[in-house]
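Fit chain B to the supplied structure of chain A, relying on the hints for placement.
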Amino acid sequence: MVSINYSSREVCCKIVYYGPGLSGKTTNLQYVHSKVPASTRGKLISLATESDRTLYFDFLPINIGAINGFAAKFQLYTVPGQVYYNATRKLVLRGVDGIVFVADSQPDKMEENIESLVNLEENLKEYGYDINDVPLVIQYNKRDLPGVMPVEQLNAKLNLRDWPFFGASATIGNGVFDTLKLIIKLVLDKAKSSSAPRPSPAEVERRTPVAASALAANGASGPSAASESRPEKPLPVTAASSVPPTPVPAEEPAPTAPLESPPVVRTPEVSPAETTDVAASERGAMPASYQYRPYPGSEKEEDSQRKISPTTFSPVQREEPAEASIGQKLIKPNSADKEDPSERAGTPVMAPAVRRRSRKKRRGFFKRLFGIK
Amino acid sequence: MANDNFIIYEEEITRIEAIISRMLQSAEAKCALLVDKDGHLITRQGFTHSLDTTALAALLAGSFASTKEIARLVGEPEFSVLFHQGKKDHIHMCLIGERSILVVIFDDRTTIGMVRLCAKETAAELTKVFEEISQNSQAKAASAVSDDFASMAQDKLDDIFQD
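As they're listed, the protein sequences go chains A and B.
Here the working numbering is used: the first sequence runs in plain steps of one and ends on residue 373.
Here the working numbering is used: the second sequence runs in plain steps of one and ends on residue 163.
Rather than coming from a laboratory, the hints here were simulated on the basis of the structure.
Backbone N, C-alpha and C define an ideal beta-carbon position, used for all residues, glycine too.
Among the hints, erroneous ones may be present.
[As the list claims (entries may be wrong)] What the simulated footprint calls covered on chain B by chain A, stretch by stretch (three residues with Cβ under 8 angstroms from a Cβ of chain A suffice, anywhere in the stretch; the number is not a length): (1) 9-17; (2) 39-46; (3) 52-58; (4) 103-113.
[Said to hold, decoys possible] Computed from the model, here is a short list of chain B residues facing chain A with C-beta under 10 angstroms: (5) 36; (6) 62; (7) 68; (8) 81.
Next comes chain B alone, as it looks inside the complex:
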């Protein structure tokens, strides 16, 4: 697992996005993010334009990771659902498979119960999709990064990182 590259192809992300947007509609939530446990944003749906989703993904993944450690100290393997309540907006996080987190941001137009129900169903669907993705990326691992990618990146870096 340590050396696995995580590769998502377009048709898979389209499937994932369709599942998430269906969930957003049925739960009447504001937006949803799909975040890797390492803090990478996989995809986002809904009204996310006002959000710094990159930072949000990193922080949410961090929050989930620290909660996992808390769970271990308590004697649980992992807390699979996390909920942050605010004055207006609330965040519901739930685990998908073993390496992704579905984050749903919602306000008072819907209820936590509704979001939780929909997220649970979506999590089951997405888990299936991710299983397939992990099989596919094992099969197609060779096509990850092309040879000249690193050298081209170096040229760019020289331009950008000038003292």
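Looking at chain A on its own, in the form it has when it is part of the complex:
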């Protein structure tokens, strides 16, 4: 499925290089990367093992620039070719727009080629694609090696659907760009015609399984390839294929439930949460239990000062502070602290320390007033 972004004005296509191990898929990408101007290509990313065998995929983005105001972007992927990486190989095929099947032209690799082609069809089927619907180009690679099979023979065994094909030598670069140009053309043609997705009767007729016909055409070597490939095909194939027969129907109903319910639930969820937060923060700023209380001594001191009269200063009272002054200084801070909680809870009483100090001041005041020495 071609991704078209009208906002950033981009058309994105995914092209996958498929084929057996060591057939030259990564080499294809490396050649493209080395020859294409830096402004056109992105970084070649290779998720490979230490021995440079592809582990997951290689990735090369190409941006051929604006066409009709849209930037045409192509993402070239390769798959890991080895048989036991089928699980990851299948993942790369997700959302593929076009496939380049890189076949090894050496005679002893023919079985691997056929096995890989069969595997491609199986994997595409699991995503709901038909191999006849996906644009595909075959590349017979390694034409530069001595003793390779003639293209006609390769075609007779592999190319049973009249796919376009090229002989190539990826290390030198022969045929690499031809293959890439053609697959891009086919992908864009397909995108153009995808508005009319109904297959023509001719296409329907053509939809015979490639796997069966490939093996049949291959004659004696076909079944042997299949029988050899079976034990090699590891658990991932069977395990994966047992689950995904219904990937699309299984996925489709599932999202509808989460789609509908969470927004409905969530939007009311958010607003009460916010309102409770606001309420909590307001309470935090001014808790209901909190009431402003003046410092116990501050108001009472004024009251007591108002009550001051010369009669309160009897000689007995005058002597009292003199006796207790030393003790008061030591004890009063503690006793004042102890009294604080009780004062807050009940009736506030003027702290004794303050009272004494104020009396001293008063005494000084009256002494000065009456000239007492």
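Here is chain B on its own, set in the frame of chain A:
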């Protein structure tokens, strides 16, 4: 589904970007990418200039796909949230609908819990938007690629791909 073209129009992408940037602000994350499961970048928000977002999108989609396969082997249909922790930067990925992934890249200025909460809310909003997009693109599928697009592309390719 196999033949669906995925078409996003400007007003939809504006809505999507608004939702994502609101999420970035509330989660205090560095940047966010919206990636198709096929590895295409749909949109990006935040400080993404230093990032190779195309490659990042392809790799993240690959990572998500492989995790899905792991989930199947374990007996789960899919892991909907993925988290990569680094020394400074961390990545939180979550599924949106059935074909997109919201990727949030954040550092220690925020917390995983905050990012997760915001991403979850955003995922629900975006799911709605994507539902509408899929309906729209079915309705307007005819206007996908113009006739001369392919031929013009070929001319360009001839210029670029010269041995």
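Tested hints:
no.	hint	in the structure
1	9-17	holds (count 5)
2	39-46	holds (count 4)
3	52-58	holds (count 4)
4	103-113	violated (count 0)
5	36	holds (6 angstroms)
6	62	holds (6 angstroms)
7	68	holds (8 angstroms)
8	81	violated (13 angstroms)
Going down the numbered hints, you'll see the structure goes against 4, 8, while the others check out.
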